[in-house]
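Student: So you can see what is in the structure, the chains are spelled out below.
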Amino acid sequence: MRLVIAEDAALLREGLAGLLEDAGHAVVARVGEADSLLAVVAEHQPELAIVDVRMPPTYEDEGMRAAVEIRRSYPETAVLVLSQHVESRHAVELVGSGGGFGYLLKDRVLDVDAFLDAVDRVAGGGSALDPEVVKHLLLPPHEDDALAALTPREREVLGLMAEGKTNAGIARQLWLTEKTVETHVSSILGKLGLPLDGDTHRRVLAVVTYLRKSSPTY
Amino acid sequence: MRALRVAAVAIASATTACVVIGLLEVAGVLPRPPDDIPDAIIPFVAIAVLTPTAVGLLIALRRPRNLIAWLMLVGALLVASEPVDLLVSQGWALQTGRATWPMLYAWPIAITYVFPNGQLLSRRWRWVAGAGATCFLGFMTVAMLDTEPFDTPYESVPNPVAGNPAAEWVSTSKLGLVWIPLWLGILATLFAGALAMRLRLRRSTGIERLQTMWLAWAAALIPLGLVLCAASWTFFGFVEVLVFPFLLVMQATIAISVGVAVTRYRLYTIERLVNRTVVYALVTFVLLGTYAAVTVGLGVAVGGGSAWVTALATLAVAVAFRPLRARVQDVVDRRFSRARYDGVRRVRAFEQEVRDGRRAPETIGEVLAAALGDPRAELLFWLPASETYADSSGELVPSLPLDGRASSEIERDDARTAVLLHAPELLERRDLLDGVLDAAALSVEIARLRVELRLQLAEVAASRERIVEAGYEERRRLERDLHDGAQQRLVSLGVHIRRLQRTLPRSASILSPALDQIVDEVGAAIADLRQIAAGVRPARLDDGLAAALRDLARSAPVPVEVEAPGERVAASVEAAAYYVACEALTNAVKHAAATRVAVRAARENGSLLVTVSDDGVGGAVARRGSGLAGLRDRVAAHGGSLEIVSPHGEGTRIEVTLPCGS
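One line per chain: the protein sequences are A and B, in this order.
Heads up, the first sequence is in the numbering used here, so the first residue is 13 and it goes up one at a time.
Heads up, the second sequence is in the numbering used here, so the first residue is 359 and it goes up one at a time.
Certain hints may be false.
What the hints assert, rightly or not - If the Cβ cut is set under 8 Å, some of the chain B residues that face chain A in the computed set are:
| no. | residue |
| --- | --- |
| 1 | His841 |
| 2 | Ala844 |
| 3 | Val849 |
To be verified - FRET-style restraints, in silico, Cβ to Cβ:
| no. | chain 1 | residue 1 | chain 2 | residue 2 | range |
| --- | --- | --- | --- | --- | --- |
| 4 | B | Ala743 | A | Ala22 | 52 to 60 Å |
| 5 | A | Glu81 | B | Ala844 | 24 to 32 Å |
| 6 | A | Trp187 | B | Ala994 | 27 to 35 Å |
| 7 | A | Ala38 | B | Pro1017 | 53 to 61 Å |
| 8 | A | Ser85 | B | Glu753 | 48 to 56 Å |
| 9 | A | Asp125 | B | Arg822 | 35 to 43 Å |
| 10 | A | Asp47 | B | Pro1017 | 54 to 62 Å |
| 11 | A | Glu194 | B | Ala994 | 16 to 24 Å |
| 12 | B | Leu869 | A | Thr195 | 35 to 43 Å |
Said to hold, decoys possible - Residues of chain B clear of chain A, computed beta-carbon distances all greater than 12 Å:
| no. | residue |
| --- | --- |
| 13 | Leu408 |
| 14 | Glu506 |
| 15 | Ala525 |
| 16 | Ile538 |
| 17 | Leu646 |
| 18 | Asp714 |
| 19 | Arg788 |
| 20 | Asp796 |
| 21 | Leu848 |
| 22 | Gly852 |
| 23 | Ser865 |
| 24 | Val877 |
| 25 | Asp900 |
Hints in this document: simulated from the structure, not taken from any laboratory.
Bear in mind that the values here come from a model prediction, so they are computed numbers and not experimental data.
All residues carry an ideal CB built from backbone N, CA and C; glycine is no exception.
Produce the entire structure from the sequences given, and follow the hints as far as they go.
Tutor: As structure tokens, this is what we get:
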């Protein structure tokens, strides 16, 4: 896979690039700020751009704005945004608005396999939403009757669905068979009144949109 | 011109020589007949002669063609020449003494005709002046030909004109009675002089008017002198020696006022001088009347002139003086300085309104504008600390916006309090301006202090707000540094370890679990740092108050109900509201043993209202140094307020109002 990295901390940028190259991806450009990011995306039309939220010159949300711009101008390029902390409701909005977008805390990189999995997922038009964000979305349950009606296991599965995981991924993480996961998913979608659609991507969007609506702060 | 100047100096020298001769006679160096003019009067004569000489010389040197100078120089010389007559003979001295007294009036009256430019009002006035001069000269000529013997004690001195056929003829024929129309003519010159001054006052403006007023003020003494002389003549049969000093002081006074008018020094005080003169003249008149009435009345009742009567009359006058003076001053002000009187009254009425709380002291500027009749007048208060002026609303005025206006400083206890910008014409009405500003001095000082205080309080509030802002900014920076500095490095370190781990040769796979453990430690360190950063300043505040409050509720050990608006307000206000909720929540859990807490934030009338209520034990008070007191300070720094309702056993409710603009 061809990708670009935008990260102002050089050490981390090189480490990330090394990890991704070790995994067989081609890092075609590495930049340290948002403007050059847009330039290299225009130049290389990569499959994925990994973008730090805070970058020079103001260290506010340049990365996030660049991500929105890339998704708008280059639909073929997916974007995975990395952040030091859960900071933006725009992240949920973006994940919920369509595939090819991911939002993860930086330290998720340390779980290399899960990170590479998320990279693949997002580049393939799927989604990745950080578990920390999902946790915020699922709480507090008492505000929503439908969410309260879920069993603990179903809530767990719902969270992984929101993170963008496939049934297979969920089954692997929870040590369940895919068949059991499918049963849980049907039950959850039924309880929340969402369409029982086979497409994972569209399912994620529906779930995130539902959670965002039920949680007033996102 | 040069010749004129030399002549002026010559006349002045001659006058001075005459004075010296007179003084030498008094000193006994030169012969002097006994019982002539009393010695005590001599200093008055010297002053009466030297003052107009000095002023006349001054004017003559500057404007040799101005008639006023010559009138004064010659007039003074004629008055001064009297002692010289004594050197000729005692008879001639007595004869000129009783014939030339009108000289004392001649030059002052003449000046009233030509003041201040040295010219008559019009050609027609030449006739008036000519007739006047004729009357004076005629009267003195007839008097010189008087063959009557001298009065006691000089009856033994022979009259030098006695036996002269011409003089005898004039004295015995009906022509001798010609002095009566001449005397009336002299009186007429006085009225003509008064008329001339009145016309000039009416026609002139500005400086010239003030100059004329100065002379008019002094010239009022001329008729007074005549009246006194006539009275003395009527009652005593001769001119009482006590009248002389008055006449001589009159000469000096007229000369001095001419000097003031010409040099323009202290020219502007004339209105007040006239005012005071009128007041004291009236007071004197009324007091004399009172004295006379009491003396006569009691004298008739008690009989005879007892010491008691005098004492009571004196007492009555003494008691009446102060209230009478104030009353007369009031009447005179009302009659003669209407504008000043009304202006001062306006200021006093304003003071009363301020005292009653019906007007703000800062509106004194408008009152001054109204009192001075100058709608463009503007009052600016002096701020010594910043050495600048400020208007009544506290706006600083770096430079005086004169805009064609004049400025008058207002002082109190020799310290500048304000400046009034006003129409330049007011400078010529010093009486009005000074009177009103004097009356308003205290009000102006009060208003100034209030403006100053308000500015200082605003500055303190602003600086407190800046300090709090700086505090938030510092927290923000610290949070950034934690996230982007230390945390980032740890992530980077973890990534490198992972890479190392994944590139290890198969033989070294035994190290893998240890590396996993190290990466776990790094992850834990990152989590710790994230938590610390969140404590310094929750990054969730970037997502708004509602998001941050919900996070706060999630981490609380008791159920917390949150209700907050999704709309954003200023970041500093959101932060303040967040810390308020934080502190209140901590108190509820730690001290109040609450089992449920509700946090509510709402926008209301341009303010953010934050209410935190719990079901705890209550009884919370904002003690010094306590968290609640700190909260109150933090809220006050934002210009907000904090209210604690905490009855014992009924929970605590903390209400905070934070202004947040529109």
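Student: Checking each numbered hint in turn, tell me which of them this model violates, lowest number first.
Tutor: Structure breaks hints 2, 6, 9, 10, 11, 21, 22, 24, 25.
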